[in-house]
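Protein chains: 2
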Amino acid sequence: MVLERLKQVASHVTGTLPPPHPLDPLSEAEIASAVSIIRSEHKQELFFNAVTLWEPRKAEMLAWLATPETTPRPHRVADVVVIGKGSKVYDGVVDLDEKKVVSWELTEGVQPLITMEDLQIVESIVRMDEKVIEQCGLIGIPRENMHKVYCDPWTIGYDERFGSNIRLQQALMYYRPHPDDSQYTYPLDFCPIFNADTQEIIHIDVPPIRRPLNLAPPNNYHAAAVEAEGGFRTDIKPIHITQPEGVSFSVEGRTLKWQNWSVHIGFNYREGLVLNNLTFFDRDEGRERDVMWRLSLAEMVVPYGNPEHPHQRKHAFDLGEYGGGYMTNSLSLGCDCKGAIHYLDAAFVNRAGAPTTIKNAICIHEEDAGILFKHTDFRDDSCTITRARKLIMSHIFTAANYEYCVYWILHQDGTIQLEIKLTGILNTYAMLPGEDTHGWGTQVYPGVNAHNHQHLFCMRIDPAVDGHSNSVFEVDAAQGPGEVGSAENKYGNAFYAKKRLLETQQGGVCDYDGDVSRTWEMANTSRLNPYSGKPASYKLVSREVPKLLPKEGGLVWKRAGFARHAVHVTKYDDSHLHPAGRHVPQTSGDPSQGLPAWISAAPCTSIVDTDVVLWHTFGITHFPSPEDFPVMPAEPMTLLLRPRNFFRRNPCLDVPPSFSSAPSAPKKNQFVGGKTVGESTLAFGGTSACSKC
Amino acid sequence: MVLERLKQVASHVTGTLPPPHPLDPLSEAEIASAVSIIRSEHKQELFFNAVTLWEPRKAEMLAWLATPETTPRPHRVADVVVIGKGSKVYDGVVDLDEKKVVSWELTEGVQPLITMEDLQIVESIVRMDEKVIEQCGLIGIPRENMHKVYCDPWTIGYDERFGSNIRLQQALMYYRPHPDDSQYTYPLDFCPIFNADTQEIIHIDVPPIRRPLNLAPPNNYHAAAVEAEGGFRTDIKPIHITQPEGVSFSVEGRTLKWQNWSVHIGFNYREGLVLNNLTFFDRDEGRERDVMWRLSLAEMVVPYGNPEHPHQRKHAFDLGEYGGGYMTNSLSLGCDCKGAIHYLDAAFVNRAGAPTTIKNAICIHEEDAGILFKHTDFRDDSCTITRARKLIMSHIFTAANYEYCVYWILHQDGTIQLEIKLTGILNTYAMLPGEDTHGWGTQVYPGVNAHNHQHLFCMRIDPAVDGHSNSVFEVDAAQGPGEVGSAENKYGNAFYAKKRLLETQQGGVCDYDGDVSRTWEMANTSRLNPYSGKPASYKLVSREVPKLLPKEGGLVWKRAGFARHAVHVTKYDDSHLHPAGRHVPQTSGDPSQGLPAWISAAPCTSIVDTDVVLWHTFGITHFPSPEDFPVMPAEPMTLLLRPRNFFRRNPCLDVPPSFSSAPSAPKKNQFVGGKTVGESTLAFGGTSACSKC
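These protein sequence lines are chains E and L, in that order.
Position 74 (the first sequence) corresponds to 74 in the UniProt record's numbering; numbering is contiguous.
Position 621 (the second sequence) corresponds to 621 in the UniProt record's numbering; numbering is contiguous.
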């Protein structure tokens, strides 16, 4: 591996490999190089928390993209977070081209995110801790069974008793009667606090009422358990999805081209997938048009609704506190994605400073997407029917008990879709037989209380709608003026799209209103559609937009400022990437970091006809029920970014139809896309007697 | 054909064919029989508007289902609408087993829906009408080009100048320079009114400002037009979807069994697909459990938002005024649906009383549905991943310019999904160059004004959640009591599901509230989940729920009473099938028919622990833009019915996983569902290096 990496570096130096795209994630070699440069300047013991691409400043990047021949190529730069002895946190920037550390700061009073390595160590320490052993004993677990005790270590969130200066984790405790039993059926009632610096348990939160170890039989879902209960059903016949002529997309480096789309696919330890420089070739205008500069899931928070201490601490920021990239799954063919798949790997740094790679971190594939458009003329039966294809870029990350499956989808009609599926296992807590959950949770299995919770995601949308000077309009469906019977609205049927320009950062804070089908349009007001006269826009259509339920002024409200509103719009700033702050664990929310801080620092900054970022919070509120346990059927959630007044007409008319006939030749079937049609069959044999074919 | 039909009847009589299921749509033979029985009793000239199954009364049907051996089989009965001379309307009921007309009523002051045959005739009459020719001349169409004039005849909706006694249509006028040009690019500015009884034009609505014929070049989407503009793209490689071992469902008559589901698939001229008697085999309880008694789209309305006369008349009730079944497409293999398809035909009566059949009216097929559930344990990398399958029953209907693609989807986890895709062509109206649309529409192409509109669907949900005695709860996500800092809610994070029992028909009228993620639970309060203690429920999760925009007291508000609220709940009544009334065309809304009438007639009727029906209005508000033209990329919309506290646990644990490993054998891969995995490939060759495989 080391040899291979050295070869790679060498071939880069000798020019046998093309240089990376400036937005490519750091390679293993680049990570190794960054670590080595830091080590040569800073000789003390350092634990590496993150070494990731410090993305080129946008102005520099756009200049280079415009004239790559004459503009200097943006340097490859690493953004580094390092933890030194005594929980000292250093934020560094390393220029890999110049091979030097360009900034290095000791950052006081913050805690960087918790890595998988940070998590892994806690369980073994918990098992050996005498106070934990004592607590286990009190609820019925003898010392000799401590190897059956498990924990999911979480960041502590924020606990005012311990503050922000000591790096802490809370250990949510479980038990496995057998190594193959799901521990979430056996939650324990106490919660140790772990000091990551000293690697010891410094406190245990013990509830006033004790709940002995659950004695219910295991509730498992792995193969052996199902086999033991009668086995798997045998009536699901295989569905094969094949592309005998290959896929319809091409990939050069990390730039993907598919249909009229072009997109650069990035990935980092925190946001996971990052889509950059999305453009669409507009055949009517004969040019490549900018659509979005950068799309990502930038943050999320999962507040739980049980007010009993210490459950208020359960409100994980899965991206900012753990990293959607770090937790990402290595995907497997035919399991996570079906069809003809292209994978990309993801390289990270480990605690010791060595590069590591998650193979198959990103899945790219196409799917048939049903009908793209269809119309039959009723008078002559002439018909055109065109099937749709979609391109999916996905990754899946496991945040302790839960999994998040993230699908970024491009459509032929210019629509961008984000779909998220929630699956995995409910976070559970112990309950006594007959105990009143007070409505804060549901008994999903005897002795298992699954608390109410929300999943609130913050999508960072950096639009480039026909260029980087954009404005945002809030658009509501509104009744027209004039009462029923009036001259202007005699029958009362007048309605229109009421648009409100968002003018300043302070004024760019919006709530959702489903009643008026509220959407937001990111518009280029200097590019008017030649037909409609309206600005070229992309519209955010998002319908799963619950209110943040934790109350104003409370812990979650303070820490997760981004989640207070459905939409915030800010003027672009290279440093504004993390809506809950750069370092999230153990922030108190006094003052709130990220979005509230940026906006309150410059409330009157104009967001009109300038480079803007739209931050959208969406998600679901989950009241668990027994069918979500012991593993949860995937719950889907989706949103769309749709072109409006952007194109002169339907931009996918050039997709070959499956069938098209015109009135002047009604009997002549034009199977333009016929070769895809022939593959379908009748379920039970025989021939299809459609009137058209 | 006649011979074949006679044979069928004969074999039925001689017992060589099994008798139809009582909920099966009438066969061609039964339709012929009903017509013949009526003709033998009523000798006058009759035009048949509808001959459809008069569904067995629910009590009778349930009794027979419970003990089919001892209970008399419900008779086959036809529900008949006939138009006699002088626009007389007869509603009849014919018992096919007893071969007699059991009721026959002359219904005054109503107009039954408009059939395709009713529509077809108008265009030829319009072309020959001297006053229409005169109007065409005024806007630039010479008499010799009248063969290039087209019209989409709509029901008149309601026009107070003409009332309800004469059967009328309004002709929305268009022009085709060439027979293959899309007429929606050339809307004409006037609107003739057609008397269906006398078959003549009785009036023409002419706008105060005239708009000459559009002179813009054609804007077409058929194959020849695209070929002429540079042709179709050639970079879409085929995707083959095959089921070499056959499909996973079975069909006996019209009863489909798939996974744990059983459902009877009905179809009628009005609602199109009707799903009956949906049950789910609960392996944990070892019994077949009732889920839903009957699901359908019962009505819809499409109000347009331009208040200028006579556009208020554009508010089509596509189901009640035209019939989703009558307008249904004959589907073709590989075009409308891909994979291994089972089709069902649909039989109707024509105007002359002869049975007719739309071949392949209903498509039934399976699709891979991505991940069903997945979890990886982060500490040992044990993983289970199971892929989902879904079963789709669909039909597509063409309502003049628009198409509605209706997908009823069953999921393995007990979820029922309704997905609707809107495609086809915008309704258009003429506009002058530079004319101000006043916000009521958008110029989508030079000279083409597409008006704002809503698509509001009414889904009729007749639940049978573990039996027929059900109640409905409105469920809101709510903050817990206690201010931040209080003992009961110190950190402000308390939240819960606030449930409100709907008690009476009047009290069962609910609006949507996206802010609180409002859902509705159809519950059986006598079947408490053994773990959660909560009633077995199915939850309606629907997020596309716009407000009816036409104003209270106005024409649409009065006629489309069902659309005033997101949810109405009524006590079950065999006769309550049509939420805007049995005969919808030319209803004035004074008083409102259907739901408002039923509820105001019995406001205090209890809807608690009884047989109830939930009527749900959902849809979208559409502000057109040029990318929707000349044919609209499909716009999707969806809602879910999800089991909550219905099962004891995830009901699809017995679906074979694609991959499953347990901690005690972490290196042993258990490819339980391996044969489906092998079909996937890497996009660009090579081998997959996933860490698990």
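Don't read these hints as lab results, they were simulated from the structure.
Wrong hints could be hidden among the right ones.
Copies of one chain are not kept apart here, so a pair can be met inside one copy or by any two copies together.
[Stated by the list, open to error] Once the Cα atoms are required to be at most 30 Å apart in a straight line, the calculated DSBU-like pairs of lysine-lysine come out as:
#1 Lys-58 / Lys-257
#2 Lys-85 / Lys-571
#3 Lys-99 / Lys-58
#4 Lys-571 / Lys-58
Okay, the hints, checked on the actual structure:
no.: 1; hint: Lys-58 / Lys-257; in the structure: within (22 Å within a copy, 57 Å between copies)
no.: 2; hint: Lys-85 / Lys-571; in the structure: neither (38 Å within a copy, 71 Å between copies)
no.: 3; hint: Lys-99 / Lys-58; in the structure: within (22 Å within a copy, 80 Å between copies)
no.: 4; hint: Lys-571 / Lys-58; in the structure: within (13 Å within a copy, 62 Å between copies)
The structure fails hint 2 only (numbered hints given earlier).
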